[in-house]
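The listed protein sequences derive, respectively, from chains A and G. Be aware that the first sequence starts at 1, since it is given in our numbering, and climbs by one per residue. Be aware that the second sequence starts at 1, since it is given in our numbering, and climbs by one per residue.
Accuracy of the hints is not assured; some may be wrong.
In silico SDA-like cross-links for lysine to any residue, where the CA-CA straight-line distance does not exceed 25 Å [stated by the list, open to error]:
#1 Lys419(A) to Leu22(G)
#2 Lys307(A) to Ile439(A)
#3 Lys272(A) to Thr51(G)
#4 Lys419(A) to Glu217(A)
#5 Lys80(G) to Arg268(A)
Now the stretches of chain G that chain A is said to cover, found in silico as 3 or more residues with beta-carbon under 8 Å [what the hints assert, rightly or not]:
#6 8-22
#7 38-51
#8 65-71
The set of hints was computed from the structure by calculation and includes no laboratory data. Where is the CB? At the ideal position from N, CA and C, for every residue including glycine.
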Amino acid sequence: MNWDVIIPLFGFLAIVFLIGTYSSKYIRKAPDFLQEYFLGSRQLNGFILALTMVATFGSASSFIGGPGVAYNLGLGWVLLAMSQLVTGYFTLAVLGKKFAIVARKINAVTLIDFLKERYQSKWVVLLSAASIVVFLFSAMAAQWVGGGRLIESFTGLSYTASLFIFASSVLVYVIIGGFRAVAITDSLQGIVMFIGTLLLLVGTIVAGGGVSNIMTELAVENPDLVSPFGADRSLTPLFVSSFWILVGVGVIGLPQVAVRAMSYRDSRAMHKAMIVGTLVVGFIMLGMHLIGVFARVVVPGIEIGDKVMPLVALEVLPGWLAGIVLAAPMAAVMSTVDSLLLLVSSAVIKDVYVNYVKPSASQRQVKTLSISITAIIGILVFLMAIDPPDFLIWLNLFAFGGLEAAFIWPIVLGLYWKKGNAYGAFASMLIGVGSYMIIHLSVPNLFGMHTVVLPVVLSFIGYVLVSLITQHKQQIENQQIIQRFWGV
Amino acid sequence: MGDGRNHYKEDLRFKIANREALMGVFLAIFNFIWWFAFAYGLGKKPVAEYTYIFGFPAWFFYSCILGFILFSLIVFVMVKLFFFEVPFEDREEDVE
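Chain G extracted, bound-state conformation:
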């Protein structure tokens, strides 16, 4: 077995893959912070002092409903603007 080291060259597609994976991780962290901060930031006061938006307690509206809409939008924008199309096959094969 020869020494593979001399010929080693990293697959360039992995640069893109690594960056996109990191974006996914950061988005998840941001998602968690949003969810947690609104839920417990607004939700920890006595229920009698709650404000309501569209009938829902404000903590729930911001954390779960707005959070859902917002992160769906962010995923859309992230994928459309920052995710690149790369071929998966090492060489193009026929795809039906």
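In isolation and in its complexed conformation, chain A is listed as follows:
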């Protein structure tokens, strides 16, 4: 056991637990349980909004998987990672005010609430809920594996015991505190991630004898480590650029990100969040991936990519500082998992149960059910994660791409294109998810681009074509929807 590392880690878990307890007070007092539990009563300020977006999006892959790949491929992978800078401002600028205003007009609590009102179609709702449950569940499992492995590597406990510690600490604050607890802990986690990146970056540069020295040594080992093409020249410009869709602008279609675009208090919060979010996401992505590259000189010969970040932290920093730094990936994993857990639970309760199974359910029933379903889903994920699948970055990206292909156009065009209708949305989701799965399983990275690109293009074509062809259907309903969404 390494107590220097364990003490900050458990201190961190204790604070997170306190935040959950604090937030649960709001849940008892809130006039509308669902609004509070799943959306924090739309009260986020700019700082919390920025950090919860960054922290939700920045996951185990940014802190563990990503630096590991950068270690092996060099600066080309940092270039790729910097395609994520755009997420800091793009999502809020594009969804931004429109989404916030519309969500209030229709009193939407979840992303699916929005889709339901916009398209008035049971099938769109059920397909959305199914995609969210399936894809986010698998994303969550991958993240939990990451969380368990992290605790395992710091404490030396067995994997199952580590996973149990991780699972129980996340479950407690999400279940009792809801969205508010998630957002506040996300901010704390975002700060930990930021500070951890800064400390480790400085420590690694110093240990490597300065940037010039590190670059010279890398270029001697293999010149392509400092080229944009990757150590094995596998990173073609087209492939790297396609990540602008997967982890850049496409992020707008992720439900866990989109739902945050309706959770903030006012336009000032949104403005501030764009500035803070861009700075924080850019710094963390640049810093963490650079650390991975620098680590090749500082700690050569690491075989397993996922171990690069913990090993370099223990190598270049004094024990107690390493403990704080290693809380960062922990924070990244927790802040992603907590949002996903809440989202899956909201899809089951709010979108399926309250909408279709029992619309007459009382506040009290909904409350009991929300809390117990959240707990059950958490336990299920825990059980899945005990015997885990291997490469977490790819599993995570699979869920990412599938959700983006499903939701990006129903959200964006639903907000900005009056002619978009339920048929178009349904077709778009089917085509997006279907083609993603087919391409991913049969010819991944078709035409040298990441798998996500084609499904996003195809689902766009599907949305537009099918909407245009079906313009004559349900004209009165569509007229009412337009009045409701766009009218005064």
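Fit chain G to the known structure of chain A by using the hints.
The following block gives chain G in isolation, referenced to the frame of chain A:
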């Protein structure tokens, strides 16, 4: 159900929202061009001919480091000068 068309008047706040969304899109496009042009424009020559800035290869410095700083600044300026505050509620509600 009456004909909603006669009474239809578009929410004026959406004019602002639409313009800001477009600004976000253009900024992302500009960001991509900056990132791509420097990375592959300067990075495609043989590594032996690279120039270095603050220890980093020039392509990386301009594309990723300067790009990060520049676009953070642009976002700041864009939000401060061109984004307007609009109320989100249809009527003002009490905010704690």
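Here is what the structure says about each hint:
1. Lys419(A) to Leu22(G): holds, 19 Å
2. Lys307(A) to Ile439(A): violated, 31 Å
3. Lys272(A) to Thr51(G): Since the Cα atoms of Lys272(A) and Thr51(G) sit roughly 37 Å apart, the hinted pair is violated (cutoff 25 Å).
4. Lys419(A) to Glu217(A): Violated, because 58 Å separates the two Cα atoms, which is more than 25 Å.
5. Lys80(G) to Arg268(A): holds, 10 Å
6. 8-22: Per the Cβ count (12), the hint holds.
7. 38-51: Held - the region 38-51 of chain G has 8 residues with a Cβ nearer than 8 Å to chain A, which meets the minimum of three.
8. 65-71: That given contact holds, which follows from 4 residues of the region 65-71 of chain G lying within Cβ reach (below 8 Å) of chain A.
Checked against the numbered hints above, the structure violates hints 2, 3, 4; every other hint is satisfied.
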